[in-house]
Amino acid sequence: MPTITDPGKPAGGPPIYAVIGILIAILLLGTGTFLWLNGNAGGPTVGGPFTLESSSGHAVSDRDFRGKYMLVYFGYTYCPDVCPTTLNAVADALDRMGKRADDLQPLFITVDPHRDTPAVMKQYTAAFSPRLLGLTGTDAQIAVVAKEYRVYYAEHRTGPGANDYSMDHSSILYLMGPDGRFIAPIRTDESGQEIATDLAKLMS
Amino acid sequence: MHRRTLLAAPLLLAHAARAQAAPLVVDHVWSRAAMAGRVGVVYLSITATGAPDTLVSVSSPIAPKAELHESYDDNGVMKMRPVASLTVAPGKPIVLRPGGYHIMLVDLAHALKEGDSFPITLHFADAGAVTVTASVEKAGASVMPAPSASMPGMKM
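In order, the protein sequences belong to chains A and C.
Residue numbers for the first sequence, in the numbering used here: 2 to 205.
Residue numbers for the second sequence, in the numbering used here: 13 to 168.
These are calculated hints, taken from the structure and not from any lab test.
Check each hint, because a few of them may be wrong.
DSBU-like mimics (lysine-lysine), calculated; alpha carbons at most 30 Å apart, straight line [claimed, not checked]:
(1) A:Lys100 to C:Lys150
(2) A:Lys148 to C:Lys91
(3) C:Lys77 to A:Lys123
(4) A:Lys100 to A:Lys202
(5) A:Lys148 to A:Lys69
(6) A:Lys202 to A:Lys148
(7) C:Lys125 to C:Lys91
(8) C:Lys104 to C:Lys91
(9) C:Lys150 to C:Lys77
(10) A:Lys69 to A:Lys123
(11) C:Lys150 to A:Lys123
(12) A:Lys100 to C:Lys125
(13) C:Lys91 to C:Lys150
(14) A:Lys123 to A:Lys148
(15) A:Lys202 to C:Lys150
(16) A:Lys123 to C:Lys125
(17) C:Lys104 to C:Lys150
(18) A:Lys202 to A:Lys69
(19) A:Lys123 to C:Lys91
(20) A:Lys100 to A:Lys123
(21) A:Lys100 to A:Lys69
(22) C:Lys77 to C:Lys104
(23) C:Lys77 to C:Lys125
(24) A:Lys69 to C:Lys150
(25) C:Lys150 to C:Lys125
(26) C:Lys91 to C:Lys77
Isolated chain C, as found in the complex:
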């Protein structure tokens, strides 16, 4: 189950004016096999069905540091740079995928093996913290297998 939905309203009393901020859907959360003490990666999709929101940071108990990054090809030279934030708006989902945006986990507390899963928390400006579960694919995997548990009826 990679799909979690979030209703911002109950979480953010202080932001009552913006509490109508529509739910965010975070799904297709996956990672790759990686070595302990080294770096890992998380890919996922974020969809906003109401007001826009901004992903400002990420965290996970399996790594002391988690950062938003972007990889890009600059005239044949691959570069990776930190990204301060990502804004998701209705109709404009954000997809973190190989060769583009990703979350980098630094100094993994333990090795990640294919079939493992672990929590990752996304911190949004309005919606606050959203915790989802990443499933680990093989090292260098590029395609997320279609989530078998995802059924049309599950959409809110």
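Bound conformation, chain A alone:
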């Protein structure tokens, strides 16, 4: 199909990429509206079911963490400044919580799945805490979980190279209960000590 491999060339029919693009856009819009309505049916909700890929390369779902609190943060590993600051504060909070930290699973979900492969996520999270689990996935999987958590993210290009972009992203820690339901947001500009104090109050 020459129209697919060379869409720039004038062809008889409409450019097939445009047709596919419009179809995908309609599909995404439909899904997004559905999720939005679904989420608002019983008041505003944060969170929901997800399937992602763990840093060991295994499929992971939200149900795998039932019975534990989840502390969910969205970011990316090409972020040298803000994300490491937050993840270090989380690691510090875990250290301060003692045994109580056993009831909490911190999750770092990337908004940059193209660069953040499972292997990268594994090495990256290990620098902060052995408890921190990095999750990546397909573009579609990340889009779903980000939407559920009301997380905005967008690529910001800084040059023509493949790596020349940063990600704008919402920066909030979400505490989810052992039943998977949203409990409270925690600010990411808090220190480890402050996060530990918040968690002690919220996990009771």
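With chain A held as given, fit chain C onto it using these hints.
Frame of chain A, contents of chain C only:
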């Protein structure tokens, strides 16, 4: 030792008129543990005690690309943008710190581990190149430990 002082005059004969540009003090130069092939960060403080000067670029032998960046919170969305230059004036030191200005090192030639150190060169419009040494703290570290070698008597 994170403190270096720079006297612009001997370096810049071509800029004789501006050679009285007072020394710049670059200190509290620190970095964070990071993975090889990925991004690193450098934080530091710049103080001008004479004429203003402008930091126009940065470089380091440990990364092919080093850029001045700013992180900021835009209604709950964290953004990171390149910064073309930073001007330092007397009484208005520039502090690169977590959540604000930083130097981003791209495609690190090797992993940075806590306790390592590496050179970073700041290129100023008037003063030219100033090379300082960054010490590596742990990943995500926020507070630079007080430099033990810094003594009051060391100030020029």
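Q: Kindly indicate which numbered hints from before are broken by the structure, ordering the numbers from low to high.
A: none
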